[in-house]
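In this text, residue positions in the sequence shown follow the UniProt record's numbering: the first is 1, and each later residue adds one.
One or more hints might be untrue.
What the hints assert, rightly or not - Listed next, the in silico DSSO-like pairs over lysine-lysine satisfying Cα-Cα at most 30 Å (straight line):
#: 1; residue 1: Lys110; residue 2: Lys64
#: 2; residue 1: Lys134; residue 2: Lys98
#: 3; residue 1: Lys134; residue 2: Lys118
#: 4; residue 1: Lys126; residue 2: Lys110
#: 5; residue 1: Lys159; residue 2: Lys110
#: 6; residue 1: Lys166; residue 2: Lys134
#: 7; residue 1: Lys64; residue 2: Lys134
#: 8; residue 1: Lys98; residue 2: Lys64
#: 9; residue 1: Lys118; residue 2: Lys98
#: 10; residue 1: Lys64; residue 2: Lys159
#: 11; residue 1: Lys166; residue 2: Lys110
#: 12; residue 1: Lys159; residue 2: Lys126
#: 13; residue 1: Lys118; residue 2: Lys166
#: 14; residue 1: Lys98; residue 2: Lys126
#: 15; residue 1: Lys110; residue 2: Lys134
I should point out that these hints are in silico values taken from the structure, not numbers from a laboratory.
Bear in mind that the values here come from a model prediction, so they are computed numbers and not experimental data.
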Amino acid sequence: MMRKVISNPSNLTAAIFRRHSAPTFRITHRRLFSDEPASSNSQTPTRVSELPRVDSLVDGCDYKHWLVVMHPPENYPQREEIVQQYVTTLSQALGSEKGAMESIYSVSTKYYYAFSCKLDEHMIHKIKSLPRVKWVLPDSYLRTQESGYGGGEPFIDGKVVPYDEKYHADWLRDNYGEGYTERNCSRRRRRRKRGSRNSHATHD
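Please put together the full structure from these sequences, using the hints given.
And the structure:
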């Protein structure tokens with residue numbers, strides 16, 4: 001599951017989503033925490049203290065930064081509502097909305113639904129038992145031009161930054177290929193040009 005994570009400068013999050021994307025999204029319970037029931041043949045769920053450390057990932061994961069993957073929201077909420085759901089979820093575990101907002105450092109509100117937060121490891125089982133939480137897994141350090149943990153949309157001082165596709169560039173590249181983001185940008189530029197021409201034609 002963790003193959004190519006170190007050799008590729010993209011993050012662990014993107015690698016896991018790439019490896020386990022649709023149609024099957026199977027996750028080995030020894031590598032993360034899940035709310036999904038284990039089969040009758042499975043082993044006893046892994047405790048936090050038993051979560052295996054992979055030597056090759058020590059530089060990328062410190063088990064203090066975590067990605068909390070949520071079930072998709074219902075009724076197509078607005079971006080701000082999705083972010084508030086993340087804050088509310090984490091505040092249930094921490095007992096403080098302010099603490100939750102200080103803990104979260106990035107969110108994902110488009111291609112997958114998740115938030116990244118900095119927490120002590122003993123909190124993870126409490127978080128994974130909360131409603132709508134699907135998985136909890138270690139976040140990884142990005143060795144890119146803008147160094148930092150995780151991907152997604154930055155959450156700074158209790159607020160999410162304006163949306164920009166660049167925040168999901170790693171995920172898009174890993175799932176759709178190297179040229180996907182560039183192709184999307186080209187299509188958007190063409191649509192804007194067509195819209196501009198149509199607007200001018202309407203006013204003429």
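Check each numbered hint from earlier against the structure, then list the numbers of those it violates in ascending order.
none
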